[in-house]
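Asks: Quick note: to get my numbering, add 22 to the position in the sequence shown (first position is 1).
Treat the hints with caution; some may be incorrect.
[Stated by the list, open to error] No more than 25 Å apart at the CA atoms, straight line, and that leaves these computed lysine to aspartate or glutamate pairs for DMTMM-like:
1) K85 / E120
2) K149 / E83
3) K149 / D99
4) K149 / E120
5) K85 / E109
6) K149 / D44
7) K149 / D52
8) K149 / E137
9) K85 / D99
10) K85 / E137
11) K85 / D52
12) K85 / E133
13) K85 / D44
14) K85 / E102
15) K149 / E102
16) K85 / E112
17) K85 / D66
18) K149 / D88
19) K149 / E133
[As the list claims (entries may be wrong)] Between beta-carbon pairs, the in silico distance windows are:
20) R116 / G140: 30 to 40 Å
21) R113 / F65: 13 to 23 Å
22) E120 / K85: 29 to 39 Å
23) E112 / D144: 18 to 28 Å
24) S73 / R43: 33 to 43 Å
25) P69 / E102: 29 to 39 Å
26) G118 / H98: 31 to 41 Å
27) P40 / F65: 17 to 27 Å
28) D144 / R115: 26 to 36 Å
29) Q62 / D99: 28 to 38 Å
If you are wondering where the hints come from, they were derived from the structure by calculation, not from laboratory data. In this text, a Cβ means the ideal position worked out from N, Cα and C, and glycines have one as well.
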Amino acid sequence: MNSTDALYRKALETADAPVLRDTIAAVAADPAAFGRLFYQRLFDRAPAVRSMFPIDTASQELKLADTLLVLAGHLHDLGELTIALRELGERHRRYGAETAHYQAVGNVLIETLAEINGPRFDARARKAWVSLYRWTVSAMEPAAVL
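Could you build all of it, start to finish, from the sequences and the hints given here?
Replies: Okay, structure coming up:
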């Protein structure tokens, strides 16, 4: 584990956990709506990635929400998550995902979480989600630099 990974882990397992759990509640309330909003934004902002997805993204929308729920709900067990994320990263490479795509996804993810949470998504929540996303990407795609 590198020093950056250790810093993310410490923050995620302690200070950030309550705010992540609080703000993931909006995703849990309507996972399909969250996923739809996310993918609409992603395809608007990064149209080149559209071809990586099926025409009907309904199942992908739910997979995204489920993944976020698992991440926010299992911050106490980042080691197990790392294994699953490496496998997920491997699948993404086969789909053609590149480092630049991770940046676009991260930006859209934070914007979408901010929108569905409203004022509850304050600077602390933004920082916590950015940390979780960076840690997630580092586990999925160790070569990615965000």
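Asks: Next step is simple, just say for each hint if it's right about the structure.
Replies: Verification of the supplied hints:
no.	hint	verdict
1	K85 / E120	holds (20 Å)
2	K149 / E83	holds (24 Å)
3	K149 / D99	holds (20 Å)
4	K149 / E120	holds (24 Å)
5	K85 / E109	holds (15 Å)
6	K149 / D44	holds (14 Å)
7	K149 / D52	holds (23 Å)
8	K149 / E137	holds (15 Å)
9	K85 / D99	holds (20 Å)
10	K85 / E137	holds (20 Å)
11	K85 / D52	holds (13 Å)
12	K85 / E133	holds (19 Å)
13	K85 / D44	holds (20 Å)
14	K85 / E102	holds (18 Å)
15	K149 / E102	holds (23 Å)
16	K85 / E112	holds (16 Å)
17	K85 / D66	holds (20 Å)
18	K149 / D88	holds (21 Å)
19	K149 / E133	holds (12 Å)
20	R116 / G140: 30 to 40 Å	holds (37 Å)
21	R113 / F65: 13 to 23 Å	holds (20 Å)
22	E120 / K85: 29 to 39 Å	violated (20 Å)
23	E112 / D144: 18 to 28 Å	violated (35 Å)
24	S73 / R43: 33 to 43 Å	holds (35 Å)
25	P69 / E102: 29 to 39 Å	holds (35 Å)
26	G118 / H98: 31 to 41 Å	holds (33 Å)
27	P40 / F65: 17 to 27 Å	violated (33 Å)
28	D144 / R115: 26 to 36 Å	holds (35 Å)
29	Q62 / D99: 28 to 38 Å	holds (32 Å)
Checked against the numbered hints above, the structure breaks hints 22, 23 and 27 and satisfies the rest.
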